[in-house]
Each structure stands twice: as structure tokens, then as C-alpha cells.
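Build the full structure now, drawing on both the sequences and the hints.
Number of protein chains: 2
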Amino acid sequence: MVASAVILGLSVPEAANAQFTSSAAPSAPSQGSAVAFTMRPVDFSQVKVNDSFWSPILDRVANTTLDVCIDQCAVKTHRIDNFAIAAGLKEGKFEGIFFDDSDVYKMLEGIAYSLVNHPDKALEARADSIINFIAAAQHDDGYLNSYYTLVTPEKKWTDMDKHEMYCAGHMIEGAIAYYHATGKDKFLNTARRFADYLCLNFGKGKRNWVPGHEEIELALVKLYHETGEVKYLDLAETLIDRRGHGYGTWKKPEYYQDLVPVSELTEITGHAVRAMYLFSGMADVAVLRGRADYTQALDRVWNDVILRKMYLTGGIGSSSHNEGFTVPYDLPNKQAYAETCASIGMALWNSRMNRLHGDGKYFDVAERSIYNGTLSGISYTGDHFFYVNPLESAGDHHRQEWFGCACCPSNLDRFLPSVGGYAYAVSDNALWVNMYMGSSANVSVGGSDVGVKVETRYPWEGEVRLTLNPSKSREFEVRLRIPGWCRDWSYKTSGKISGSRVERGYLVLNGKWKKGDVVTLNMDMPVEVVEADPRVEADKGLRAIQRGPIVYCLEEIDNPGIASASLSSGTTFTAAYEPSFLGGATLITARGADGKELRFIPYFDWDNRTPGRMIVWVPWK
Amino acid sequence: MVASAVILGLSVPEAANAQFTSSAAPSAPSQGSAVAFTMRPVDFSQVKVNDSFWSPILDRVANTTLDVCIDQCAVKTHRIDNFAIAAGLKEGKFEGIFFDDSDVYKMLEGIAYSLVNHPDKALEARADSIINFIAAAQHDDGYLNSYYTLVTPEKKWTDMDKHEMYCAGHMIEGAIAYYHATGKDKFLNTARRFADYLCLNFGKGKRNWVPGHEEIELALVKLYHETGEVKYLDLAETLIDRRGHGYGTWKKPEYYQDLVPVSELTEITGHAVRAMYLFSGMADVAVLRGRADYTQALDRVWNDVILRKMYLTGGIGSSSHNEGFTVPYDLPNKQAYAETCASIGMALWNSRMNRLHGDGKYFDVAERSIYNGTLSGISYTGDHFFYVNPLESAGDHHRQEWFGCACCPSNLDRFLPSVGGYAYAVSDNALWVNMYMGSSANVSVGGSDVGVKVETRYPWEGEVRLTLNPSKSREFEVRLRIPGWCRDWSYKTSGKISGSRVERGYLVLNGKWKKGDVVTLNMDMPVEVVEADPRVEADKGLRAIQRGPIVYCLEEIDNPGIASASLSSGTTFTAAYEPSFLGGATLITARGADGKELRFIPYFDWDNRTPGRMIVWVPWK
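Chains as they are written, first to last, in my numbering: chain A, 15 to 635; chain B, 15 to 635.
All clues given are correct.
Where chains are identical, the list cannot tell them apart; a pair therefore holds if satisfied intra-copy or between any two copies.
Using 27 Å as the maximum straight-line C-alpha spacing, the simulated BS3-like pairs for lysine-lysine come out as follows: (1) K104 <-> K200; (2) K245 <-> K200; (3) K529 <-> K62; (4) K506 <-> K528; (5) K510 <-> K528; (6) K90 <-> K107; (7) K510 <-> K486; (8) K529 <-> K467; (9) K486 <-> K506; (10) K528 <-> K62; (11) K170 <-> K265; (12) K467 <-> K510; (13) K510 <-> K526; (14) K467 <-> K526.
Simulated from the structure, these hints should not be mistaken for laboratory data.
Just so it is clear, the structure is predicted and the values come from calculations on it, not from any experiment.
What follows is the structure, given as C-alpha cells:
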């Protein structure tokens with residue numbers, strides 16, 4: 015295994031030429047029209063994850079993280095009590111922050127996802143009892159918010175930045191997940207009543223409310239998919255279209271993505287997580303309603319984010335000041351904010367952009383954010399969390415047990431166990447494999463049932479073995495994502511095909527597939543030396559190391575001389591899997607021309623051992 | 015046909031991210047070791063070119079350019095007379111420049127290539143008579159140079175910058191080509207006698223001569239391949255190894271690539287064409303002798319050239335001051351030098367780098383230089399030439415009939431008809447298709463004869479139809495280059511295969527091929543909007559247009575408002591083939607949001623109609 019001159023994700027290093035490194039060629043509007051894709055992700059509830067990378071993580075979330083979260087919500091804080099008190103089932107008063115309900119909803123969503131791979135009757139019973147409190151706290155008209163019910167009931171819907179719709183959105187997401195996991199509809203009915211209330215009061219022609227923290231939009235689209243009720247989709251579209259028309263009551267509308275109508279957006283501004291949730295909702299509506307103006311705007315902001323405002327780790331939002339964006343190419347490493355929730359948001363948004371365009375490049379970004387900026391948010395033990403994910407540390411930045419604003423732990427709690435939902439998608443006559451993880455699923459392609467199994471040691475190795483078990487032999491497309499970092503790959507099939515194609519980042523195989531057919535994809539995974547855009551001041555004269563989707567870093571514990579570490583064109587690299595390293599990881603040894611060695615570990619694994627300095631970007635000499 | 019957000023040659027636009035546009039990740043030395051490829055290009059003499067793009071060009075070269083060249087060498091100047099006078103067959107004295115012999119040799123090389131696709135008895139007879147003069151001018155000891163023979167015979171081998179070996183190199187190349195085309199060996203024997211003389215006087219342990227203008231090295235390797243005589247390869251290696259040890263007698267050794275030993279080269283310096291010829295010879299020797307130190311040095315300088323010093327057109331050497339290089343990213347458009355010979359040199363060098371590494375990315379560069387920086391050097395009529403190829407003109411830069419220093423016309427004269435030699439290569443058990451042109455060839459793969467035919471409308475369309483006619487059914491690899499600009503492609507075969515792979519820029523198909531088997535490769539060819547590396551001051555705020563391998567430009571004749579032309583994210587693009595445009599070309603119409611249209615023509619076609627302003631890089635608003 016040697017270092018490669020092949021540059022990150024380029025199939026042609028030539029492309030990174032002095033005169034045409036090229037970076038910002040936004041789509042022409044005519045390309046912006048929504049592609050008539052009918053791609054639907056295969057629901058998490060249909061996917062059993064079973065591999066040596068994800069299974070231990072999912073186990074940890076089920077066995078530790080969820081417990082931590084329940085303990086925090088139910089014991090150490092009063093988040094669940096708030097509902098019981100609002101319902102009049104308990105004495106007391108509201109404690110916490112005005113959006114704390116959302117953490118409970120996200121926790122329930124996480125429990126739901128977890129129950130699929132980890133059935134647990136006791137946990138389910140506990141969730142049922144929490145849901146009982148929630149349902150009981152609902153007002154007769156459908157309204158539900160423990161803070162407003164208990165603290166300032168007279169001020170409902172007076173402050174657009176108080177997250178009432180944000181909480182409603184998380185309620186809807188949690189309720190749908192719980193219904194999928196358990197078949198129980200109490201929570202779903204509660205959420206639906208609140209959604210009906212919102213339609214009645216804030217639909218087209220009703221009150222011009224602008225939700226200060228987006229989330230409700232994507233949740234309403236989920237509810238539309240779940241129920242078939244068009245009014246939910248209508249409301250999502252109305253709320254999105256209402257932005258940028260001066261209805262917002264804030265001083266800095268750009269912070270809320272409320273400065274211009276969304277169809278006029280050209281760049282990402284303000285709070286990173288809010289922007290991600292808005293863009294996710296827009297992508298959903300663009301698919302369903304053919305809103306070319308949304309698609310064009312999303313293509314523009316995607317270029318802005320990806321080309322100018324994203325860290326190598328897939329993290330975004332470099333500034334702690336506004337939890338968001340500053341100017342292009344402002345990507346400091348030690349002061350990076352790169353909130354865990356924003357990386358999760360990148361996965362949510364980019365998986366939807368993939369659905370909108372049928373293009374694997376969006377999953378390249380989602381994958382980058384998941385394996386790096388998101389996974390770094392949780393400790394190896396599953397009980398400590400990063401809110402902020404810098405790319406450099408003097409040794410003083412550590413994961414914490416919990417946060418006053420607990421959005422990140424509860425987001426990890428629901429996101430990580432949902433990861434199986436990113437593995438597969440189907441369209442009219444195609445099976446799409448988007449993220450490679452050992453897993454099995456039952457999907458429906460063109461009306462026929464197909465059993466699907468993936469075996470792989472991804473992200474440590476590039477071999478993926480896909481077994482197909484259609485109920486009867488039938489023709490359909492198998493679409494395997496070829497990640498952008500992958501330059502050399504091969505496939506073999508046990509069946510016979512007479513051609514194939516590469517289309518928007520997918521290897522497309524047409525065949526008449528029969529029970530037991532196997533497709534083996536083999537992706538070369540060399541160590542890559544990465545250079546930043548020269549406009550990024552913070553990375554001048556530095557290089558980073560990536561292998562497959564994994565970004566690496568140096569920690570002081572492995573590299574006592576980290577302060578003087580450097581790489582050069584004379585450095586050679588060796589990658590080797592070490593089973594004993596934090597549950598197993600491929601580590602990279604860099605050997606300089608002088609014989610000195612550096613030991614790189616996956617970025618997401620940092621700060622799990624003796625604290626010390628850490629760098630992702632290393633001086634290049 | 016619409017503009018694409020896909021950025022030039024990137025399989026993942028994501029890759030051009032703010033934090034990792036990445037450009038200069040030089041190879042680690044361990045990768046520098048020569049790969050044991052046995053890839054050999056299929057000789058031009060085996061390839062019949064027959065398509066609507068190249069055939070008219072080859073016809074023009076045969077019918078016009080060669081005549082111009084012969085007229086210039088034989089009538090308007092005394093280049094051929096110089097030989098006759100030196101031979102004592104004619105009265106008179108030397109006229110011209112000290113390296114003019116080389117133009118005659120290049121002309122003969124061009125005639126040889128041309129005879130394959132355009133048999134012409136009269137032309138062949140004329141070439142024979144010129145060869146008679148040349149052979150007659152050879153000294154008894156093998157020395158041959160009409161300038162030294164006639165002007166300063168006592169000063170032979172006193173000035174390293176007087177091109178005696180450069181002329182010898184071109185003699186060898188011309189002689190081998192003429193032998194391949196006609197089977198006549200008189201010229202080859204003459205060249206060989208001179209080469210024997212050089213071995214005797216300048217081989218290892220003999221005089222430490224450093225040729226001031228490289229060329230002899232690659233020619234000696236050709237002679238080794240032709241004759242099997244190892245001493246020619248030895249001399250090539252010796253001459254290369256002798257550089258950088260202080261033997262050179264010049265004040266600015268960097269101009270001559272003589273500042274450091276070649277194995278220590280890290281960047282390209284000095285005269286562009288000389289550097290190209292040196293690197294070509296090094297690549298040849300690296301393949302044959304496994305010189306890992308050469309390979310590592312070549313990998314380093316390749317990165318330096320491609321990432322920092324190459325124009326979008328594949329032209330290099332931005333400065334007229336030294337016909338060569340200045341500092342990285344110094345790529346002015348109007349003042350660009352980008353000598354035609356240097357673009358030809360890029361094709362020579364990069365096709366050899368391809369042979370060294372078996373990587374298609376080098377052919378991406380060769381193709382860029384051929385279709386743009388090289389083809390621009392000759393007028394549509396075939397009788398006017400650019401020495402200098404700027405990317406912008408105020409309307410005052412035009413092709414000329416000839417030049418005092420005639421290297422460029424005579425180089426075009428030999429390069430263009432040799433283009434069939436770039437189409438195919440073979441290795442032990444594989445057929446490589448490197449440049450797509452309508453053509454047929456008889457090749458030998460693994461000891462068996464295989465008839466090969468390519469039908470295509472490349473570079474205007476991306477469909478390539480390859481027909482295989484092996485003498486008997488046999489298994490071998492078919493390797494089709496997937497150009498770096500191509501993101502979406504598909505193939506079909508009439509045979510059956512059970513898998514394929516993509517390896518270093520090639521689609522590799524394994525099959526048992528039989529007579530009449532067809533592989534159809536279909537490459538999507540969208541219009542691409544290209545941005546330069548931000549370190550290129552000259553291109554700040556500008557964008558260029560490329561489609562397939564063709565770089566486009568705006569000319570005033572089509573765009574009277576060229577002074578205020580601009581592109582934006584609202585621009586849409588339509589590509590259409592226009593048969594009446596200079597023999598047929600795909601032109602691109604760009605329509606702005608305001609409805610205004612721009613008409614882009616291929617860069618190589620500029621200055622063939624009413625003179626006026628021209629720009630490649632267009633303001634982006």
C-alpha cells in the first residue's frame with residue numbers, strides 16, 4: 015500500500031491543473047429542473063445491518079448511548095417530566111430550555127431505529143410510557159409544547175424563533191419511526207393531530223408564520239409519504255415559499271435563511287443546521303412537486319457549500335459566533351465549529367440531493383460527513399459527545415457527558431441507528447446500493463420482491479459482495495455507487511451481462527437476475543495525500559491523509575514529536591488493519607525519507623485515549 | 015445539450031472543495047518505480063486513418079502542408095541545397111541557421127508518415143533524391159552536419175548549444191520513419207553510421223558532452239528498438255545521466271535542464287521544447303532500464319507541469335523571453351507563448367508517460383495538447399502556421415506562411431501525419447485503444463494477429479464502435495481509455511463478459527474474442543464550464559468552455575459584442591454540429607438569462623476567418 019499521486023476523488027489528476035483546477039461551475043438553470051426520478055430509499059425498518067464496522071456502533075448506541083440519553087432526559091434533567099406536568103399527571107414546573115421537547119422526540123426516534131436491529135421489550139415499554147405522557151400533554155386543538163403550556167401559555171405563536179414548529183417536526187419524525195419499528199400508532203396519531211392543527215392555522219392564505227429553526231418542512235413531507243395526505247405536503251411547500259418575503263420578525267434574516275425567497279438563494283448563510291434542514295425539505299418538495307426553482311437554488315447553494323465552505327471531514331459551519339457560516343474559504347482548523355448536528359444535516363440533505371438528481375456525488379458528500387464529522391461526535395464508549403469538531407487541538411478539547419443544549423447527543427442517538435436507511439434505494443426498475451455496509455434487506459423492485467445481501471469490510475476494505483435473491487428471475491438494473499475517491503475498480507458477476515455503464519457516479523448493470531446471483535465490486539483504496547484549495551488560508555503549506563471515505567489525523571499519544579511532524583514527496587505510506595485499536599481500524603504509517611515514522615488514526619477515533627495534541631492537516635516540506 | 019455543473023475531468027465535483035481542491039500531491043517515491051509494462055504503441059505504418067475529423071487534416075498535410083514545406087526547404091530557402099553543397103555536388107555556400115538540417119529531416123519524417131495514408135510515387139521519388147544528397151554529405155567517419163561542414167569545419171563539437179546532436183536525432187527519427195513507410199534503408203544506414211560515430215566519441219567514458227537541445231536521446235531509443243543494438247540505448251542513457259554534473263559550458267544551466275542530475279529534478283525549467291524532448295527520452299529509458307530514479311523525477315516534474323504550468327489548451331512555456339517557464343501559475347493569456355512545438359512535445363512526452371505507467375491520465379494530457387495547442391498551430395488551409403498560441407488576441411495575431419526558425423511548421427509536418435500511431439498500443443495480452451479516431455489496424459496480441467477497426471465521430475461525438483477480427487478466437491483484454499473529462503459512459507459488447515474493471519483510466523474488458531465481435535463505447539460529452547486555479551492571476555473571475563477534449567473560444571466575427579461578453583450561472587449551452595463551418599465542427603451557443611447569445615468555436619479553428627478579437631477565458635458574472 016503506497017501513497018498515491020491520485021488526488022482525492024479525481025479520476026484525472028490532470029483536472030487539478032493550474033489553469034483549470036476549477037471549482038465553481040454552477041449548474042445552468044436548464045439542468046436544474048427536477049429529474050423525474052422515483053428513487054425511494056429503502057426504509058430502515060427493512061434493513062438489517064450486520065457487519066464489523068457498523069454493528070458494534072449500533073450495539074453501543076443501543077446499549078449505552080440510548081441509556082445515557084434516557085437517563086439525561088428522564089433522570090438528570092426533567093425533559094420527560096415536563097410532558098407529565100404539562101399533562102397534569104404530575105406536580106411541578108417546567109425545567110430546561112424552550113426546545114427541550116425535541117430531545118425527547120429525537121430520543122424516541124433513536125429508540126425506534128434501534129429496536130429494528132436490537133429488539134428490546136423493556137425499552138419499548140419505556141418508550142410507550144413516555145409516549146403516553148406526550149399524548150396526554152396535547153391540547154384539545156392538537157397543539158403540543160410543554161414549555162409554552164407550562165411557562166407562558168399566553169405567548170404561543172408570538173416568537174418565530176421559539177421553535178414550536180421545530181419541536182413539532184421532531185415529534186412527527188419520531189412518531190413515524192416508532193410506527194415503522196413497532197406498528198403502534200398512538201404517537202403517530204398525536205403527531206398527526208398537531209400537524210392538522212398546523213395546517214389549519216398556518217396553511218396557504220392563513221397566518222404568514224416563518225419557522226425560525228427549520229425542521230417542520232422535511233417532517234411534513236415524511237408525514238405526507240406516510241399518510242398520503244396532500245395537505246401536509248402543501249403546508250411544507252407553503253412554509254418554504256413564505257421565507258424571504260419579510261414576514262420574519264428578526265433583525266438578521268440571513269441567519270434564518272429568510273433574506274430572499276428560497277428560489278433566489280445563491281449561497282448558504284447563517285446557522286448551519288437550520289440551513290441543512292431547510293435544504294432537506296426543499297429537496298423533498300422539489301422531487302414531489304417538480305419545483306425547478308428549488309432545484310436550481312439547491313444546486314447553487316450546494317456548489318457554495320461543497321466548493322467553498324466544507325471541511326475535509328464533511329463538517330460545515332466554521333464559526334462558533336453564529337453556529338454557522340462566515341465568508342468563503344474561512345475554514346480555521348483549531349477554531350472550527352463544525353457542529354455534529356450540521357454534519358448529520360449534511361447527510362440528511364445530501365442523501366435527498368442524491369434522490370433529486372440520481373447522482374452519486376451527493377452520496378460522496380453524505381458519506382464524508384457520516385464517517386468523519388458525524389462519527390467523531392461520539393466517543394468509542396458511546397457515552398461522551400462532541401458538539402464541536404475541530405480539525406486541530408492543543409489537547410484541551412474533549413468529549414463531554416452531555417450539554418445544556420443537547421441537540422447533538424440526541425441527534426446522534428437517532429441518526430446512527432438509522433444508518434441502515436442509507437444503504438439501499440429503489441426506483442421503477444432498479445436497485446441502488448448507496449452506502450456499503452454488511453446488511454440484508456427485502457426490497458421491492460418493479461413490483462417483485464428481491465432479497466438483497468451485502469457483505470463487506472468497508473470502509474477498511476473496498477470489496478463488496480452483493481447477493482440477489484429475487485422471488486423469481488427478472489430483469490432490472492443494479493446500480494452500485496462508485497465513490498468519488500475511487501479511481502480503479504472492477505466487478506464480476508456470476509450471471510452474464512453484455513455491457514454496463516457508468517452514470518452519474520453509479521456502475522449500472524443490466525441483467526436478468528436470478529436467485530443467488532452475486533455481483534462482486536472491488537474498489538482500490540489507496541492512501542491519498544490531499545491539498546486544500548489555495549484560498550483556504552488555514553491550510554497553506556499543509557496536507558491531509560485520506561483513505562477511502564476515512565479522513566485521518568495524528569494524535570500526540572502515537573506521535574510524541576507531533577509538533578514537528580511533516581510530510582513530503584519522499585514520504586511513503588503503509589495501511590494496515592489493527593484489530594486491537596478501539597475495536598479495530600485501519601491505521602496508516604507514514605515513513606519519511608529520513609526514516610522517521612508517523613502513525614495516522616481515523617479522525618473519528620481521536621480523543622478516545624490519552625489526551626493530547628491532534629492535527630488533521632500536516633506541514634508539507 | 016446543456017451546461018453541466020460537472021467540472022472538467024472530475025468524476026466528483028465534490029473533489030474541488032474549498033478544503034481539498036487539492037492539486038499537488040506528488041507521488042511518493044515508492045510509486046515511482048518503473049512499472050513492468052510492456053505496452054508498445056502500434057506503429058503508424060500499421061494504422062490506416064479514415065474518419066471525418068482526421069482524414070481531411072491528413073489530406074491537407076499531404077496535399078498542401080508538405081508541399082509548402084518542400085517549397086520552403088528546397089526553393090525559398092536553401093535547406094536542401096546545403097546538403098548538396100556540403101556533398102560537393104553543387105556550387106555555393108551555406109545559407110540559413112545552424113540547425114536548418116533538422117527541418118529537412120522532419121520534413122522527410124512527415125513525408126514518410128504521409129505515404130502510409132497517401133501513397134504518392136512522385137513524392138517518394140523526391141524524398142529519395144533528397145536522401146541521396148544527405149547521404150552524400152556524410153563524412154567518412156559518419157559525421158553529418160551541413161552547417162559545420164560548410165561554415166566552420168574546425169569548430170565541430172566546440173559549442174554544446176549548436177545542435178549537432180539535435181540534428182542527428184531528427185535524422186534518426188526521419189530515417190526510421192522512412193524505412194517503415196517505404197522499406198528503403200539508405201537513409202536509415204546513413205543515420206546509423208552517424209549514431210555509431212556518436213557512440214564512439216560520446217559514449218560512457220568518452221567525451222563528457224551535454225547536448226544543448228535534447229532530441230538525440232529519444233531518437234537513439236528508437237534506433238535501439240529498430241536495430242536491437244544495445245549501444246544506442248546505452249548512449250541515450252549516458253547522455254541523460256551526464257546532465258547536471260557541470261559538464262555544460264553555459265551560464266544558465268537551468269535553461270538547458272542541466273542544473274542538477276536528472277534524478278534530482280523537481281520542477282520544469284528553461285526552454286519548454288528542450289525539456290519535453292529530454293523527458294521523452296528519460297521516459298523511454300525508464301521503461302527499458304527500470305530506472306526508478308528517472309520515473310520518480312518524471313512524476314515530480316509532471317505534477318509541476320500539469321498542476322502549475324500548463325494552459326487549458328495543453329500549451330506550455332508561457333514566456334517568449336526564454337521560450338519557456340517562469341514561476342508557477344504564471345499563465346498570461348494574451349502574452350502566452352505556448353509554442354506549437356511545445357504542445358507537440360507534450361504529446362510526445364505524455365504518450366511515453368502513459369507507456370511507463372499504463373495510466374490513461376497521461377493520454378488525457380496528450381489529447382488536450384493535440385486537439386488544442388497543436389492543431390491551432392496550422393491553418394484550415396494547411397499553409398499558414400502559428401509559432402505562438404495565445405489564449406487571447408486583440409485581433410493582431412495571425413498565422414504566417416513560414417518562419418526564419420522553422421521548427422514549428424516542420425514539426426507539424428511530421429507530427430500530424432503520425433497521429434495514427436497514437437491510436438493503439440498492445441501489451442502481452444491486451445489491446446489498448448488510447449486515442450479514438452476512425453481507423454483500422456493489424457496488430458499482434460499475445461502472438462496472434464488481430465484486425466482492429468474503430469468507427470467514431472470523435473471528438474464531436476462520444477460514440478466509439480470497435481470491431482475485432484482475431485485470426486482465431488482467443489482471450490485477451492480490451493482496454494478502452496475513458497477520458498478524464500468523461501463522467502458518464504456505457505459500453506455494450508456483442509460477446510458475453512461476466513464483469514469488467516476500470517483501472518488507471520481504462521475500461522478493461524476480458525473476453526474470448528472472435529471474428530466480428532463489436533464493443534460499443536458511449537461517452538457522454540456535455541458542455542463543461544471550467545474555472546482556473548485561483549493562483550492563476552490572469553484567469554481571476556473568468557471561465558472557459560470545453561466539450562470532450564475540445565477547448566472553445568469566442569471570436570469577434572461571430573460575437574461583435576465580444577468586449578462585453580460574459581457567462582453566468584444563468585447561462586445555458588447548446589452544442590450542434592455545423593457541417594459548413596471550416597469543414598465541419600461542433601459549435602456551442604451560450605444563451606444568457608437576458609436572452610443574449612454567444613457563439614463558441616473550437617479554439618484550434620480560430621483565426622481562419624475575418625481577423626478580430628479572440629478570448630478563451632470569458633468574464634463570469
